[in-house]
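Student: Residue numbers (the numbering used here), protein chains in the order written: chain A, 1 to 289; chain B, 1 to 208.
Worth flagging that the hints you see were computed from the coordinates, not collected in a lab.
Errors might be hidden in some of the hints.
[What the hints assert, rightly or not] Straight-line Cα separation of at most 30 Å, DSS-like style, residue types lysine-lysine; simulated pairs:
{"no.": "1", "chain 1": "A", "residue 1": "238", "chain 2": "A", "residue 2": "104"}
{"no.": "2", "chain 1": "A", "residue 1": "183", "chain 2": "A", "residue 2": "238"}
{"no.": "3", "chain 1": "B", "residue 1": "118", "chain 2": "A", "residue 2": "104"}
{"no.": "4", "chain 1": "A", "residue 1": "70", "chain 2": "B", "residue 2": "20"}
{"no.": "5", "chain 1": "A", "residue 1": "183", "chain 2": "A", "residue 2": "104"}
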Amino acid sequence: MSSSQQTEQSHHPTFQQYVLVAIILFVITIIEFFAIFPDPDLIGAAKIPVLAILSAIKFAIVIMFYMHLKFDDRMFTVLFLAGLALAFMVGIAVLAMFTALDGKPRAFASAHAVPYEKGEHGVEHVKPTAVPIPTVPPAATTPTESAAPDVTATTAPEPAAEPAGGSGTGASIDIGTDGDALKFSEEALSAASGSSVTVTFNNGSAVNQHNWVLVQDGTKDAVATDGTAAGPAAAWIKPGDERVVASSTLLNPGDSEEVTFTAPAAGTYQFVCTFPGHNFTMFGDFTVN
Amino acid sequence: MAHAAEHAIEETTTGLNHRKMLMWVFLGSDCMFFAALVATYMVYRGQSLTGPYPIDIIDVPITTISTFVLLCSSFAMVQALSATNRDDQRGIRIWLLATAILGAIFIGFQIYEFNHFKNAGLTLGTNLFGATFFTLTGFHGAHVTVGIIWLLGMLVVAMKGRLGPASSLDVELVGLYWHFVDIVWIIIFTLLYLIAGFDTGPAALPGG
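Chain A on its own, in the form it takes in the complex:
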């Protein structure tokens, strides 16, 4: 023990002072508690500065009295405050890297973030096979690789989910996901203009929600961006978006859905998953002949 400590031994707070410090800490905590209740907006915008100041006071009281910095050698205070100052800089640096001045995430970071979430929280799903299992609607499709009269899936990485012939002028297309990857099982689809098309989208992912949205050519990212803004309540599609030709609902992992629509005018279209972040990798071309 150093000589400086000995002389300061007598300067340690007394029992009464310790009790007083404890009471002050309790009272501040109670004030903090009631500052946010019963209504979170009770003190409005002042809430955060008030809470920050109260916490800083508690922080200071503990290090001064309980940790004896007030009575101890100043070197200890310098060492700790140096660490604390660096800690503040670490915090500011991290915030500055990822957050713009308006408090929103930096555009680049947010545009390139790939969200990860589970469909069923905490529930382990059985991992599906790599090849998406095509959903077979009764009498609508057969899982054979026969070419449909007016619908073909081309340049697919996994040609297992080829569409099959439908009845009459209608055509059926099966599309899934590339396992858990943020990709569709098909990169290109086609149909004849004016025909009735039924797309059966099977979300083969075990973890992610997906949808299948047919949009005007070159608008997939814009539609997805607006969809993100529209939020989960709108199933990540802006209500009334004119660029959307057809869309499924937001499917949970393992679910599938049929989307029936009339193929629009001949030309190139895109299909995309509008779940935030998925549009960068999860899309394909839809050609109408």
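Add chain B to chain A, keeping to what the hints say.
Tutor: Chain B alone, transformed into the frame defined by chain A:
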């Protein structure tokens, strides 16, 4: 104080005890560790795309109680040091045990909270809120747990009657660590519970 005086002959270039200085340097650096985790929480605050969101599951009243428990443990800790300096053997044991028990109660609250969150659908991998929340509070809980083990170790030494004014530095060091864990919780409680505890989903981005 004769023992203390003998002990003081130990000379260091700074005139300060090296163990105590090491503890303060460690605490200073630990500030940076927690600052990185707190900053990460603030960066991703309000960015979770799926629930549960803080407002769905954060229980401020219960956590206020556990905060009181931790504040009480800090009070018990200073009493343990005070008893050590007075050579009050019974006091040393009682207050060290009280500190450890109060710390254990705090951890009990945290285990209850984590379990409750898990049942409500929030895990480390659910969303950004879960990832940043559990990482930050989990590391704090780990610090508290280390402190409890340290305190119980000191209690064993105390039971053998080996703690007294001559070894008050041993108690003081565990006390410094313990109070540090307390002040880190003061920050976490204010930020994660009082300020961010009412955050909703991505539609409502952080208000400040």
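Student: Any of the earlier hints contradicted here, and which numbers?
Tutor: none
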